[in-house]
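*Asks:* Line by line, the protein sequences are chains A and B.
So for the first sequence, our numbering puts the first residue at 22; every next one is plus one.
So for the second sequence, our numbering puts the first residue at 22; every next one is plus one.
Bear in mind the hints are in silico, worked out from the structure with no lab data behind them.
There is no bait here: all hints are sound.
No copy labels: a pair is met if it fits in one copy or bridges any two.
Pairs of lysine to aspartate or glutamate, EDC-like flavour, derived with a Cα cap of 20 Å:
#1 LYS297 x ASP198
#2 LYS265 x ASP276
#3 LYS297 x ASP275
#4 LYS297 x ASP276
#5 LYS91 x GLU64
#6 LYS45 x GLU208
#7 LYS91 x ASP160
#8 LYS45 x ASP160
If you want the building blocks of each chain, they are given just below.
Number of protein chains: 2
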Amino acid sequence: MYELVIIGGGPGGITAAIYAARKKMNFALIAKDLGGRTGLVPEIQNYPGFQTISGLELTDRFKHQLDELKVVPKFEEVLKVEKAKDGFVVKTDKNSYEAMTVLVASGARHGKLNVPGEEKLNNKGVTYCATCDAPLFADKDVAIVGSGGPGLNAALMLMRIAKKIYLVERGPELRGDKMLCEKIVCEPKVTILTNTRVKEILGEKFVSGIVVTKDGTPEEIPVQGIFIEISYTPNSEFVAHLVKLNKRYEIIIDDNCKTSVDGLYAVGDVTNVPQKQIVVAAGDGAKVIWAIFDYLHRQK
Amino acid sequence: MYELVIIGGGPGGITAAIYAARKKMNFALIAKDLGGRTGLVPEIQNYPGFQTISGLELTDRFKHQLDELKVVPKFEEVLKVEKAKDGFVVKTDKNSYEAMTVLVASGARHGKLNVPGEEKLNNKGVTYCATCDAPLFADKDVAIVGSGGPGLNAALMLMRIAKKIYLVERGPELRGDKMLCEKIVCEPKVTILTNTRVKEILGEKFVSGIVVTKDGTPEEIPVQGIFIEISYTPNSEFVAHLVKLNKRYEIIIDDNCKTSVDGLYAVGDVTNVPQKQIVVAAGDGAKVIWAIFDYLHRQK
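Chain A with its partners taken away, still in its complex shape (with noise of 0.2 Å):
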């Protein structure tokens, strides 16, 4: 029996393996991949240590720090994690593994638009992180499709850095905070499209444009970005019957990342806080370790 299983191999989850190596606890880390979504991103600009690095080769920096404290990740996809007498069942697509804790780590994938245009330009003017990739975009013309927290943080980034924003939102009106909204809306420089869904993204090498419709009507909209921040999906489906989770199903964690369940924890993307950064993942795995450490002494 492990004293601690990791779900889960981006920053939050390898953080946590660092941590629990030093410590010299009897863990195992799985995961599908390691890096998770961090190992998509192009040029990562706000991960202090580094000015610019893209996330495959900080990824694999990940991987030589585990090498080196001999950590090695188990290749599995877990399917579900299931309460025991003295701990936890995590079961994988090959194995099943008995532990004390569990620290699900597990991320989440981006919402996508699903239209033409999407993948082909993915990275090329299509993205789906506006603290990372805004600064790209000075003095251009940019739409936002999303107008929940993560659409409305993105126009107020922009709103320093582009010429003009294009706020495309599905519904009748602006979702998310009512003061954030109103800053938006006597903002000069960005229009808002309500009713409006976007159709297709236009561009050969990079982005050029939008189309949209508006009440059923298509419009074509000149952009050179543009920034997907419609709801993302976290990973919790394996924990989902065993854990309490808010309405977008994050799990729910309070400052120590302590579940509503005894001995479960979880960090980073796949929980409710609302930063999804990968140095607030990590720094968030190695808080947890504390916590863990601390549970498993009280436990024994």
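Please build the complex by placing chain B on the supplied structure of chain A, with the hints as guidance.
*Replies:* For chain B alone, coordinates are given in the frame of chain A:
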């Protein structure tokens, strides 16, 4: 008037500056120096992204990142932060700054024993960070000074690594959490020395032993390492009149890094967050910028 003044140039303050700069906030970074305590660590092995890096080199990399973002730190010492009508006044040894919000990331200084040998053998067997340095003492004999939370946690960590451990406590019994104490008392490789004070650290190039007095009688104990885990001092003096501190003089924050005063935030070693770690301070340095950004937009 600045939107934000960040006080402190360690990993928390620098990460906050990186995120604030990328959000084009109007802010100032005031620091005595860059790096803080991080700059003093000879070998960092638990910061994700680097198998091993010196504190100086990591600090240098942070500095380049600030340069790239055109953040020019003000190298001044903050003497006092005062509440003003629309925010705060930050008084330094050279200037006075107005700010709508203030982030305190001023770190802490180590508690020292102030005994002969401590200065000379610093980083040569004398260490103030078990999480950083415990792995260097595999199968060695070590002493831990102090039996509060940090001392007990150091003991739990070293029980898995070192050969023999002397836990030295000035008072008549172990302090800190009872359940942890019991675990440590039951471990055969730990010798507990209560009513005991360290008088001298011995060694030429590297620690070879310590001199302690128990009930007045001096005794020499051979060890290769000494972990000084007595209370450290948070650099919170300049806000102590303003904000709620705990009995260790740490600034009490909530899970948004907010202090007891609206508009005043804190991260890192100056706060009551128990994990005094580089990546934890950096993670919270990123996290807090969301809270501050949100606060500012609600004020305007």
